[in-house]
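Asks: Dock chain D against chain G, hints included.
Line by line, the protein sequences give chains G and D.
Going by the working numbering, the letters in the first sequence line up with residues 27 to 230, in that order.
Going by the working numbering, the letters in the second sequence line up with residues 27 to 230, in that order.
Keep in mind the hints are simulated off the structure, nothing from the lab.
A couple of the hints might just be wrong.
Copies of the same chain look alike in the list, so a pair counts if it fits in one copy or across any two.
Unchecked claim - Below, in silico cross-link-like pairs of lysine to aspartate or glutamate (DMTMM-like), each with a Cα-Cα straight-line distance of 20 Å or less:
1) Lys78 with Glu221
2) Lys158 with Asp73
3) Lys94 with Glu105
4) Lys102 with Glu200
5) Lys206 with Glu221
6) Lys199 with Glu172
7) Lys135 with Glu221
Model, not experiment: these values are computed from the prediction.
2 protein chains.
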Amino acid sequence: MSEFHYPGGMKPPVSKVEIPKGKKLHLKVAPGNRGLDFEAEINQSNDYYVEKGLALITKRPTPIQTVKVDYAHGPKITEAFFQTQSTTDYNGVYQGHYIDFEAKSTRSKTSFPLANIPLQQIEHLEKVIAQKGIAFFLINWHLLNEVYLVPADYIIEFYRSHPRSSIPYEEMKEHGYLVKQGYRPRYDYLPIVIEHFLNNDKTK
Amino acid sequence: MSEFHYPGGMKPPVSKVEIPKGKKLHLKVAPGNRGLDFEAEINQSNDYYVEKGLALITKRPTPIQTVKVDYAHGPKITEAFFQTQSTTDYNGVYQGHYIDFEAKSTRSKTSFPLANIPLQQIEHLEKVIAQKGIAFFLINWHLLNEVYLVPADYIIEFYRSHPRSSIPYEEMKEHGYLVKQGYRPRYDYLPIVIEHFLNNDKTK
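The following block holds chain G by itself, in its conformation from the complex (with noise of 0.2 Å):
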């Protein structure tokens, strides 16, 4: 999740987040906090889609540094870091097909910036393509309450050419496809998958 601001681009571990029956999902959380709801509501998404028998998309988990563990007590850890996901936040699996993606949010209304994406998450990507992988990005334009699948190729060749740069939100709305929202799933993007990647709806 960008827009969550740590020392050295890390990120924190989220615990999953268990929504009470009958409770709105829209948290209210801390402005700092928002990338995290966005990843809480992704997994929600994706344990909607497991349990419906769907598709099977599984969040990484975020890779930790360990440096001193006490193994008289648990083993416990007593001094580890989080290190970078050097890939991206999910993978899965829908009908034997293989599918990869990195969800991200920013707070601005008219362009993302592509220094939200770190160049290992790129080259990840690109090699997935290279495998024939369905590879895209979820973009949550947070105060506008709108998330888009992006397919990856597009923002691949975007930072290839434009590293330093922003896309657009005209753009990229262009190139992306509105996801619908719901209470469950919150964010319903295999449809999109589904669509684009393999009906070769390739119109965009």
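Replies: Just chain D now, kept in the frame of chain G:
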């Protein structure tokens, strides 16, 4: 990795092992660390596949439950615990096809104890198969110096009918495929994946 027991079935994180050029890969480690050795060797094999553009298989980071974080220094984690992977250790993509597997070591020469496999891994692999993913185990018969690729559907069937038992070596051999060992890749399991799962060689 099995056979490297932590209290509560937890597993230590493993750093990527760099193999210096021309150096033999079979590192000398304490017997208790053999499981980690196997993991490092699989990681090396996966690195080879990525470098050659043959497949993209990554290891999921070991999940860690963070309890206390010192934000003034880093952030530095000052209290945390290893968690059991709720999925498998490895997944990835070969030519669009989703691959998911777990690596296990045993020091038995006669049978592979199913207690080595947590139920949640069986359940995860069942979901992978339901989504038409390629699912298997790499089983390292450490004292026999043999590694087999064993399709997950066979292991799952055995597990579901004899959950507290062991799979005899000879029976596993009938359902598995001997993995060719070498210098790079250390364990060349990809040709078996292609042959068994993708070329309709379902004779076993």
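Asks: Next step is simple, just say for each hint if it's right about the structure.
Replies: For each hint, the structure was consulted:
no., hint, in the structure
1, Lys78 with Glu221, "within (19 Å within a copy, 31 Å between copies)"
2, Lys158 with Asp73, "between (25 Å within a copy, 18 Å between copies)"
3, Lys94 with Glu105, "both (5 Å within a copy, 10 Å between copies)"
4, Lys102 with Glu200, "neither (50 Å within a copy, 42 Å between copies)"
5, Lys206 with Glu221, "within (14 Å within a copy, 40 Å between copies)"
6, Lys199 with Glu172, "within (10 Å within a copy, 53 Å between copies)"
7, Lys135 with Glu221, "neither (27 Å within a copy, 50 Å between copies)"
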